[in-house]
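Chemist: From first to last, the protein sequence lines are chains A and B.
Letter 141 of the first sequence, counting from 1, is numbered 140 in numbering that gives the first Met the number 0, and no numbers are missing.
Letter 21 of the second sequence, counting from 1, is numbered 20 in numbering that gives the first Met the number 0, and no numbers are missing.
A couple of the hints might just be wrong.
Calculated cross-link-like contacts (lysine-lysine; reagent style DSSO-like; alpha-carbon spacing at most 27 Å) [stated by the list, open to error]:
hint : chain 1 : residue 1 : chain 2 : residue 2
1    : A       : K182      : A       : K57
2    : A       : K13       : B       : K229
3    : B       : K229      : A       : K11
Honestly, the hints are just simulated from the structure, not real lab data.
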Amino acid sequence: MQATTASHTWRKIKSAAASGLAFVSAVLVIAPLGLVFLYLLRSGANSINWSFFTELPKPVGVVGGGMVNAIVGSFELLGLASLIGVPIGVLGGVYLAEYGSTRANSMLRFVADVLNGVPSIIWGVVVYGLVVLRFKSFSAYAGGLALGFIMIPLIMRTSEEVLLLVPAGYREASLALGIARWKTIVHIVMKTASKGIITGILLALARVAGETAPLLFTAFGNRFWNHDLKEPIAALPLQIFTYAISPYDDWHRQAWAGALVLVVMIFFVNILVRFLTRERTARFR
Amino acid sequence: MAVVVPVPAEKRVAQARMAPPSRFGDKAFEWLTLAMALAVVGLVFLVGWQLAHGSSVAIRRFGFHFLATSTWDPVAEQFGALPFIYGTAVSSLVALAIAVPLSIATAIYLTELAPLWIRQPIVSLIEMLAAIPSVILGLWGIFVMIPWLRTFSFPLLKKFLGWTPLFSGPIYGVSMLAGGIIIAIMILPIITSVSREILRSVPDLQREAAYALGATRWEVTRIAVLSYAKQGLFGAVILGLGRALGETMAVTMVIGNTPQIRASLFAPGYTLASVIANEFTEATTDLYLQALFEIGLVLLGITILANLLAQLLLKTMGAKMTSRAVQ
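Bound conformation, chain A alone:
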């Protein structure tokens, strides 16, 4: 009897210890987020001022200057990437959700997921061979194409998911009214799921906004304004990288400021998305 109680206590202790360890692990997993954000605020906040958002980078040794060309460049690249990623991703998602056979779909999903795992730097190499070598110039087009390729599988999978959430009754009701299937899909199904589709697009944009590796030898970076999309263009993550590995203290400060701006933009989109999805799931459940 004594033995059983002892072993029971021991088992309880073991269970409590395991729970404690799991809790500590959860804290350790979140800790880097807090640490990174803390240092971003500490080192970045006091370098952010009006000229950061309005001025071009200054040459080495001249204090001040900003990253306005990189911020605008990033948005231009995201726009170009959307031209590739959004139509292909969304319509591909429509095919998966509305048309394809089960077998074809599971194959396509599989390929999309594998594509998702291709390292982003590989996309840079591919676009370098595809565009930069061919046209003999780094360009905004090349950078946008690399980011667009990354967006395709991301948007395809999220679009498919939200389209499948639309109740079958909506489709049937529309078809019963004699409305063509493609019109049903565009005007009823996609419209109902539009919030979710936009959410997926925003998440994909937030994801590629921070990508540096695919831009290293496509968009290449630029210290000045870019007035021609056939020329190299600056991007915020590229600028952060260049400044971070430079030996100058002033550039390091600029890198922290740029990083803070980039993270705040990405977090803003993520929080916005969380807000949007909360409403969506509430509506469909």
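Here the structure of chain A is known, so what remains is to put chain B in place on it, guided by the hints.
Modeler: Only chain B this time, still in chain A's reference frame:
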């Protein structure tokens, strides 16, 4: 008995317009979406072809020796990928050694142990960690983590574990171990969220049966949940490995970028992805560029293999993976 009422002309026109919905629109739309969906297949071929095409001369010139040669000397045009393959393998293994226990324990905490109200906030925070761009983690790595490691953690490790070859030799800060730690931070979120989906797909009946036998919480987790989810968790780990192998920016910024093979984790290293990132725009000769394309091909090969394996493991698990978890 039907009474035929003459239909007024305008109404007839309206009926004709309503009549059979055009088949053409439907077909065209279906083909259009099919073409877009097939783009993913096209992309896979594009990537493979582009890399193979870009490295064809190097492949013919070096053959399989490329993978087994440890000299990387652009000036003498001697190219071997071994130091980079070694660096990628070691940094990824270090990352897995750190990230796997933490992520799976966190996933267990989130599905089995944590109070309900705290689960969603923690999941949200982990998603935020996943959203931090690699280059920013690298920036933090250079200016915050490396100094910590150099002055505090590494000397401590050397003091207690210095007798093993892994933790011996001079300490520079930038090192294979620093690279591994940064990669670990990058892959924590994906392993955690995929493991969480896997654990959530374990039927409650499993847990209830174990509880009914008088098992404690930990015993329920170990006997009923973990053994049931083993394969899926393995899939989550391999998926994390796939990401670790291809991680570029943050690693490039802290690993030291020296093509050498050293037993010590304190020594600087180099990975497949970082050599592409660093040297691609500096590749002055055609053969140099070819060799870098071939490095890309090797990297693509191993990441695709890891991802295929992960997908197969996760698929047979039958867990419904949301794309949110995988991103």
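Chemist: Would you mind marking each hint as holding or not holding in the structure?
Modeler: Checked hints:
Proximity of A/K182 to A/K57 is assessed by CA-CA distance (about 54 Å); at most 27 Å being required, the pair is judged violated. Under the criterion of a C-alpha separation no larger than 27 Å, the hint pairing A/K13 with B/K229 is consistent with the structure, at around 21 Å. Note on B/K229 and A/K11: the hinted pairing holds, with a Cα-Cα distance of about 24 Å set against a maximum of 27 Å.
Going down the numbered hints, you'll see the structure goes against just number 1.
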